[in-house]
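Number of protein chains: 2
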Amino acid sequence: MFDAAELGQRVTKSDFKKRELDLRARLLVLQYRTLEFARFPVIIDFAGVDGAGKGSTINMLNKWMDPRWVRSIGYHAPTQEERARPRFWRYWRDLPQKGRIGLYLSGRYSRPLLGRVYGGSDELEFDQRLAEIIRFENALVDDGALILKFWMHLSQEHQKARLDELSADPLQSYQVSDGDWRNHKNYEGFIAAAEQIITRTNRGGAPWNIVEGVDPNYRHLRVGEIIAAELSRHLDAQERKAALAGSAESPRVAEPPAADPTTVFDSLDLSQTVARRDYKKKVREYQAQLGDLGRKAFDKGVSTVLVFEGPDASGKGGAIRRTIWSLDARTSRVHQFAAPTDEERAHHYLWRFWRKMPAAGFVSVFDRSWYGRVLVERAEGFASEDEWRRAYNEINDFENQIVDRGILLLKFWLHISEEEQLKRFKKREKSPYKHWKLTDEDWRNREQWDAYELYGHDVVQYTSTQKAPWILVEGNNKLHARLKVIKTVMDHLGERVGGA
Amino acid sequence: MFDAAELGQRVTKSDFKKRELDLRARLLVLQYRTLEFARFPVIIDFAGVDGAGKGSTINMLNKWMDPRWVRSIGYHAPTQEERARPRFWRYWRDLPQKGRIGLYLSGRYSRPLLGRVYGGSDELEFDQRLAEIIRFENALVDDGALILKFWMHLSQEHQKARLDELSADPLQSYQVSDGDWRNHKNYEGFIAAAEQIITRTNRGGAPWNIVEGVDPNYRHLRVGEIIAAELSRHLDAQERKAALAGSAESPRVAEPPAADPTTVFDSLDLSQTVARRDYKKKVREYQAQLGDLGRKAFDKGVSTVLVFEGPDASGKGGAIRRTIWSLDARTSRVHQFAAPTDEERAHHYLWRFWRKMPAAGFVSVFDRSWYGRVLVERAEGFASEDEWRRAYNEINDFENQIVDRGILLLKFWLHISEEEQLKRFKKREKSPYKHWKLTDEDWRNREQWDAYELYGHDVVQYTSTQKAPWILVEGNNKLHARLKVIKTVMDHLGERVGGA
Chain R
1 MFDAAELGQR VTKSDFKKRE LDLRARLLVL QYRTLEFARF PVIIDFAGVD GAGKGSTINM
61 LNKWMDPRWV RSIGYHAPTQ EERARPRFWR YWRDLPQKGR IGLYLSGRYS RPLLGRVYGG
121 SDELEFDQRL AEIIRFENAL VDDGALILKF WMHLSQEHQK ARLDELSADP LQSYQVSDGD
181 WRNHKNYEGF IAAAEQIITR TNRGGAPWNI VEGVDPNYRH LRVGEIIAAE LSRHLDAQER
241 KAALAGSAES PRVAEPPAAD PTTVFDSLDL SQTVARRDYK KKVREYQAQL GDLGRKAFDK
301 GVSTVLVFEG PDASGKGGAI RRTIWSLDAR TSRVHQFAAP TDEERAHHYL WRFWRKMPAA
361 GFVSVFDRSW YGRVLVERAE GFASEDEWRR AYNEINDFEN QIVDRGILLL KFWLHISEEE
421 QLKRFKKREK SPYKHWKLTD EDWRNREQWD AYELYGHDVV QYTSTQKAPW ILVEGNNKLH
481 ARLKVIKTVM DHLGERVGGA
Chain Y
1 MFDAAELGQR VTKSDFKKRE LDLRARLLVL QYRTLEFARF PVIIDFAGVD GAGKGSTINM
61 LNKWMDPRWV RSIGYHAPTQ EERARPRFWR YWRDLPQKGR IGLYLSGRYS RPLLGRVYGG
121 SDELEFDQRL AEIIRFENAL VDDGALILKF WMHLSQEHQK ARLDELSADP LQSYQVSDGD
181 WRNHKNYEGF IAAAEQIITR TNRGGAPWNI VEGVDPNYRH LRVGEIIAAE LSRHLDAQER
241 KAALAGSAES PRVAEPPAAD PTTVFDSLDL SQTVARRDYK KKVREYQAQL GDLGRKAFDK
301 GVSTVLVFEG PDASGKGGAI RRTIWSLDAR TSRVHQFAAP TDEERAHHYL WRFWRKMPAA
361 GFVSVFDRSW YGRVLVERAE GFASEDEWRR AYNEINDFEN QIVDRGILLL KFWLHISEEE
421 QLKRFKKREK SPYKHWKLTD EDWRNREQWD AYELYGHDVV QYTSTQKAPW ILVEGNNKLH
481 ARLKVIKTVM DHLGERVGGA
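In the order they appear, the protein sequences are chains R and Y.
Take the first sequence: its position 155, counting from 1, is numbered 155 in this note's numbering, and each next residue is one higher.
Take the second sequence: its position 486, counting from 1, is numbered 486 in this note's numbering, and each next residue is one higher.
No wet-lab data here; the hints were simulated from the structure.
Treat the hints loosely; a few may be bogus.
Because identical chains share one entry, a pair is satisfied inside a single copy or across any pair of copies.
Stated by the list, open to error - With a Cα cut of at most 25 Å, we get these calculated DSS-like pairs of lysine-lysine:
#1 17 to 281
#2 98 to 356
#3 17 to 423
#4 185 to 98
#5 430 to 13
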């Protein structure tokens, strides 16, 4: 695979100067077009053999382009904060905004590669790591991102010569670490693992380019010219797509479903109630246990994510308050989501939820969540059909990563009947301190009751997975709903941290 | 001090229900006025005796107000990430946006108090901690924030009764920790320290309110009513102020200074040069040493903040690139600052810089910085005279906190002559890959050359402190400037981590 990158290609200094001038001007024009268009981020990864000039290439790109819109980010071993979150948390956090460029060193490919070379991970784990990367890249590519991956190559001989040369020069020896020599000794294994990585993750939307790293002039021009060509192609395609989308007269909002569709919610017995006296007794008991469990979970570093969805006025806020009541306010956070900020809007829709993953031992409560993509965004046409359809899969993947990190994830769907909602709306209207809860939007959403029931049905159908099942809560009786929520959290947390 | 909060004040259930209804409606109206006005954040702190109901009061406020615009945040011992940054980093990060409300538990007062009670800090350190808090609060109050601080009180007898009562009830005992009993045994010392804290940090813009905590009904109403009264008063005052500012016909931009003012920059010998051959030799040598030092600094966890200011085209970008060239790209970040995002705009101007403080062992480079407040914002009238004048002090305080945390802070002012700037502008205009660096704004700023020299002079005069002196760099010769910057970083880092 790497033979084609061992040809000893070089560019003379005078040639370099000429081509550099032209390339620089092209890159800048493309960078500004991308910035102005502002519809997709550019993600450029550098991996490869030590000594092949990854760092110097990043420096050169920073010199060539307008550095205000370029971020260069490298990764070390995960910090304490990073280890508490799903593995991709740090990569999500560091994504560039749409219109901007991110250059990544020792990024998501680094640890799978080293794990494979040094025996830390077996074939199966290696496979899983690569599959995770592909899902991550797919989600971004589907959202329009341009991902370019460069493997900077040196033959074993060239690598040795390079490391020897650097080590011998007291002014350059700082560039060589023990790890570099260790990797050199493992060159065969390193290259074998790299071949697998490149083969399996080389995809249309996120291609690998192998670049010969011996001659700095050659590699800098080569990388720059590939970026210019790919960025130009991607810009043309995306601009065309945007123009087409603008001219198409297709209806943005899906057809309303048939009246009163049959859904998973039909099987709920919404008539369930609890007597107030029983409720009072039990809620105190549950909260006491939950208080204990919360403390244990914090001590053990077990984090929790609670998600609440359901129609307007289904009692999400009340259930959340009673649930976190007995948890330590210092270790629990409730997140509600208003309209996205401009920074959030300039990222993939999952980005703002990734940011809220709890620290070790903390509880993050989501009062509405990433499911907005397949509920309100679907209903209002903010997401295209293609976007919301693939979102189920993206969401399942996101939740898998949460669960795989050992975080307790519970998803509650609080459901009420159409009549019960009307009753609550009317009560809110009259209340001097609850009418703020009722907006015109709520009435508008109510008109789409059947559609929302169907969208909720789809949510349960497509995202109730073994790892992250939905818990449907009969909400017509608030006391019943609250008890069920608290007890469920208590039971699952108890299982996790070893009983109250 | 606390006698007045040991009166046994109670509110009956029926009375509570009546007053709650009215209070809730008032709080909501005020919350929405604050949100719509969106000119100041509301910061509400809860401290006090264990068992006095801090947590339950926060829960009640969350119930009473629209929780979408309220954040409740409590603090534990600092995490690894937090310990690497200045002490107030976490409090800055968690500030609410303008228009929103933050409720804080065990916040900035908690550790000074416990440190005093348990002998961890002596009188001097205690004083310093309180002085830091006052400076933090002053900076926010000056910016318009409303800060309210509640001390929830119980007498020693009542505290004992409360803790006994909770401990005896298996359903409530989870609320009592060993720490609570320890604090109870130290009640006298706890109260003595609290008295000092309250006395010294009770200020007009950030008042303390002592609330008797025995009866939940009483304390919830009392806190709620104080918030309503203070928020109403603050809103009136701020709205009046905004109306006045809008109607005043005063010139927003300061008078231009006399032509060619005498400044600190006059004493710079801008004619200094370095021969290219010498430069090449030395820059390699310095970069090698810096590369070594950077690795040592990372191993030792020594963080670095580099600030670059100076006229347009003074060579900041080039000097930065050569400086970080030999540093590990995985541990250094260059921050440039375009127009603030809407989230940044909704905070104190220092907020976005606080966010960029480096992790342990990392290097953060600021290509332009918080000095924008006293340079471009002063020049363009974006900051009022009062705002930029007090900014020197705020900046000194900010930098003190950076230095006190053991972070290496170096501030470079790259200076060039007016003629040299013109030469570079003209060269940029002609270059196919540098003309993007030249904007209309640069030409406009150039017209204000004398003003900017004066503003720069003021910057050096007011913010060149012993802990954080300015390093003036003669920039007419780029090679000289780059060498001086790299050597300075090298020397200071060498001093810090024990020589190259």
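Results for each hint:
1. 17 to 281: between (81 Å within a copy, 22 Å between copies)
2. 98 to 356: Both. Shortest intra-copy (20 Å) and inter-copy (21 Å) distances satisfy the 25 Å Cα cut-off.
3. 17 to 423: For residue 17 and residue 423, the Cα distance is within 25 Å only across copies (23 Å; inside one copy 76 Å).
4. 185 to 98: For residue 185 and residue 98, neither the intra-copy (41 Å) nor the inter-copy (57 Å) Cα distance is at most 25 Å.
5. 430 to 13: Classified as between: cross-chain Cα gap 23 Å, same-chain 80 Å, threshold 25 Å.
Checked against the numbered hints above, the structure breaks only hint 4 and satisfies the rest.
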